[in-house]
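Undergrad: Keeping their order, the protein sequence lines are chains A and B.
First residue of the first sequence: 0, per numbering that gives the first Met the number 0; consecutive thereafter.
First residue of the second sequence: 0, per numbering that gives the first Met the number 0; consecutive thereafter.
Please keep in mind that the hints were generated in silico from the structure rather than gathered at the bench.
One or more hints might be untrue.
With a straight-line Cα cutoff of 20 Å, these simulated PhoX-like cross-link-like pairs (lysine-lysine) come out [stated by the list, open to error]:
1) B:LYS1 to A:LYS86
2) A:LYS107 to B:LYS387
3) A:LYS176 to A:LYS60
4) A:LYS368 to A:LYS107
5) B:LYS86 to A:LYS387
6) A:LYS1 to A:LYS107
7) B:LYS313 to B:LYS176
8) B:LYS107 to B:LYS1
9) A:LYS86 to A:LYS208
10) A:LYS89 to A:LYS208
11) B:LYS107 to A:LYS208
12) A:LYS387 to B:LYS1
13) A:LYS1 to A:LYS60
14) B:LYS356 to B:LYS107
15) A:LYS387 to A:LYS313
16) A:LYS176 to B:LYS176
17) A:LYS378 to A:LYS368
18) A:LYS107 to A:LYS378
19) A:LYS208 to B:LYS387
20) B:LYS89 to B:LYS208
21) B:LYS1 to B:LYS60
Here are the simulated distance ranges between beta carbons [said to hold, decoys possible]:
22) B:LYS368 to A:GLU294: 49 to 59 Å
23) B:ARG347 to A:GLN157: 31 to 41 Å
24) A:LYS176 to B:THR292: 30 to 40 Å
The beta carbon of each residue, even a glycine, is placed where N, CA and C say it ideally should be.
In case you want the letters, here they are:
There are 2 protein chains.
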Amino acid sequence: MKIVVLGGDGFCGWPTSLHLSNLGHDVVIVDNLSRRNIDNELEVSPLTPISPMSVRLEAWKRVSGRDIRFVNIDIAENYHRLLTLIKEFKPECVVHFAEQRAAPYSMKSSWHKRYTVSNNLNATNNLLAAIVEAERIETHVIHLGTMGVYGYNDSGVQIPEGYLEVYVRTDDGDELKQEILYPANPGSIYHMTKTQDQLMFGFYNRNDKLRITDLHQGIVWGTQTAETAMDGDLINRFDYDGDYGTVLNRFLMQAAIDYPLTVHGTGGQSRAFIHIQDTVRCIQLAAENPPQTGERVRIINQMTEVYRVRDLAKVVSDLTGAEVHHVDNPRNEAPENELRVANDSLLRLGLEPITLKNGLLSEISDIAKRYSDRCNRSKIPCVSYWSKR
Amino acid sequence: MKIVVLGGDGFCGWPTSLHLSNLGHDVVIVDNLSRRNIDNELEVSPLTPISPMSVRLEAWKRVSGRDIRFVNIDIAENYHRLLTLIKEFKPECVVHFAEQRAAPYSMKSSWHKRYTVSNNLNATNNLLAAIVEAERIETHVIHLGTMGVYGYNDSGVQIPEGYLEVYVRTDDGDELKQEILYPANPGSIYHMTKTQDQLMFGFYNRNDKLRITDLHQGIVWGTQTAETAMDGDLINRFDYDGDYGTVLNRFLMQAAIDYPLTVHGTGGQSRAFIHIQDTVRCIQLAAENPPQTGERVRIINQMTEVYRVRDLAKVVSDLTGAEVHHVDNPRNEAPENELRVANDSLLRLGLEPITLKNGLLSEISDIAKRYSDRCNRSKIPCVSYWSKR
C-alpha cells in the first residue's frame, strides 16, 4: 500500500513509519521538523539521542533494505506542496500525526494557544481539502485523535467508541433514540483542536464521502518498537520535560535519577494508556481495515489500560523505591474521576495489548537509566499553567 | 458602554455599530474591509451604493453628532494590534462579526474553504486569547453564530436555544439526564467553522471564565434600519449575488427586475428568518443583559419566523407577480425539512419582531426597485457547488 505519514518524525509518527515500511508498504514521511524545533525553543533534548532524519533513513535502509522517502513540508502553511504530493504519489492511505500534541505546551501563552489552533486546524483542513481537490476521495485518512476529546467523564457511563446513544423527548412526549458524536469536553487548547478536527471529519465525510478513521488514543508510554530497536540510529524519542513528557514516562525518568515522582494534586485523575508498540500495531490494523466509501467516520478508542495517576506512581515506586511527592495541579480539572472506556474495535481486529506491568521494568533499565546522564533535571517540572494564579 | 464591533463594516456589523452608537455607547469599529475586497474578487457590487468608511463616519457625525472610531485590523492575522486595542480601549463588550459568512463562498474552491477555516477560527481564537492575555475577562463577548450549527433538523424535536436535554442509559440501566450542546450538523464549511467556534467558546468559558453570548441567527432580510436610513451615505449593503445574496433578498431583487424567482430543488427546505432591524435590537438586548462571570455560554436563537423556501417565493410572487422557477439545488441537503425553533430568550427580553408580511413591500419599492439599474443579472445564479458534478 502507498502510505503517507504526516508528522513522521515525531514520537508516534517515526515508529509508525518504520512499522508500516517493515510490513512492505511504500511509505513517504512528511514532516516540517517542528518537534525538533520546539525542543530548541524549550531548551530541552529528548532523553534518547535521536538521529537526524537522513541518518535515520540511511540506517533503516541498512537494516531493512527498504527505502522511506522524506519530504519537508509544513502542511498547515504550504497547501500546494501537499496537494502536489497527493496528486503525484496517489497514496491509498494518509496517517495524520501532523499536529502540536502537548496540552501543557498549548497553554503556555497566547502565542502557544494561537500556534496550536492555527497549526492543527489548518493542517487537518488542508489535508481534507487537498484530497477532495486531487479527486482522491478513496484515500483512507487515519487521524490520531485523543481520549481527551471525551473530557473528564464522571457520569458512570462507559465511554463508547466515538458515538453515544442518547434519548431525546419529542414534543409529543415520545422518546427518540439518536446516536450522536460524544459531547466534547476538552481540557486544554490542544484537546480542543482535536474536538474541532472531529467536526471537520464529520463534514468532509458527509459532504465529500471521504473515508476517515479517527483513533482516540490514550497516553502513550514506552519508547522503542521492534523496528526502532534494530539500530542505534533508529532510536525513538523519549520526552521527560514538563511540557512534552507524558505522565508515565516522566515517572520512569524521575525514578531513574532519584527524583521524587511528582503527582499533580491528589493523583485521583484516571487516565487511559497504551504502549508505543501497540500504537503502531493499531495503526497497521486501522490501515488494513478501512471504512467503506459512504460509511460514517469510524472512531476507535486506541488504549489498553486505565490507571489513576497515584496508582501509576505506586507501581513505579514499588518497582524502583522512588518517593512520591504531591504537587499543585497546574490543570483545571476534577481532582478525582472514574474512567471506563470501550476498546472493543482493536481487540476484535486482533490487538494483543502489552500491559504496563510487563513492560515497565525494561523501559526503566533500557531507556531511563541508560540515558540518565542526558537528563536536565530543571526541565522536569511542568511550568505551564491553565489559568493565572 | 465601551463597545468594539469586529466586522463593523459588514451587512450586520454596520447597522449594529450605528444602533449602539445612537443609544449613546462609545463604539469602535474594527474591520479589514474584507467584504468590500471580496466584492472585487467576485466582480460584484452591492445593489445599494455604499459609501467608503470615512464618508460613512462623517455622515454619522453630521446626523447624530456622535463619533465612531474606525481601526483597520485583520484580527485573524494581526493579533498584537487587537490585543493592544483591548488593553488600551478596555471595552466592556466586544461584538464579533469578523468572520467570512457566506456558505456558497466557503464552498467555491479549496482556497475558499481554507480561507474560511483559517480566517474564522483564528479570528475567534485571537479574540478570546487577547481578552485573557489583557486580563479583561469581564469583557462580554457577543458572537454572531448561525442557526446552521443545528443543521437540517428533521427529528420532530423543537430546536432549543443551544443546549439539548438528553437521556443516557448508564451501565446499571438507569437513565441519566444531561444537558449537552446541541449536536452539530453543519451544511457547509462556513457553518462548520461556527460549530468549531462553539467549542472555543465552551473551552474559554470553562477554563478562563469568559462571559460569552452566542447568537444563532437566522437568515437576515431587509436592508435598512432606523439609523442607516438617516442619510444617503449611511445606506447599508444589499447583496443579491449567488454567493452573498441570501434567499429572500435574492427573490426581492429578482422580482424587481422581472427575473424569475430561482428556487433550489423543491424549495421544501425550511429556514429561519429575521429582519436586519431586529438583528440590531437583538444585539442591543444581548449587550444590555450579559451573562454573569461563571455562567456557561449563553446561547440565544436570533430569529423570528420560519418559512419554507417555496412558500417564501410564493409570498414574493403574490406581491409582485414574479414567476417561480425551480433549479437544481447546489447544496448537499435534504430536499424537505420541518423546522421548529425556540426563540423565547429574545421575546422575554422585549423584542417585538418585524414580520415578513409587514416589511416586504417597502423593501421591494425602496431598495430593490429603486436601485435595480445597478443590478448585474449575470451575478444572480449560485455558481458554487457543494460537490463535483
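Undergrad: Tell me, in ascending order, the numbers of any earlier hints that this structure violates.
TA: Per hint list: 1, 2, 3, 4, 6, 7, 8, 12, 14 and 15 violated.
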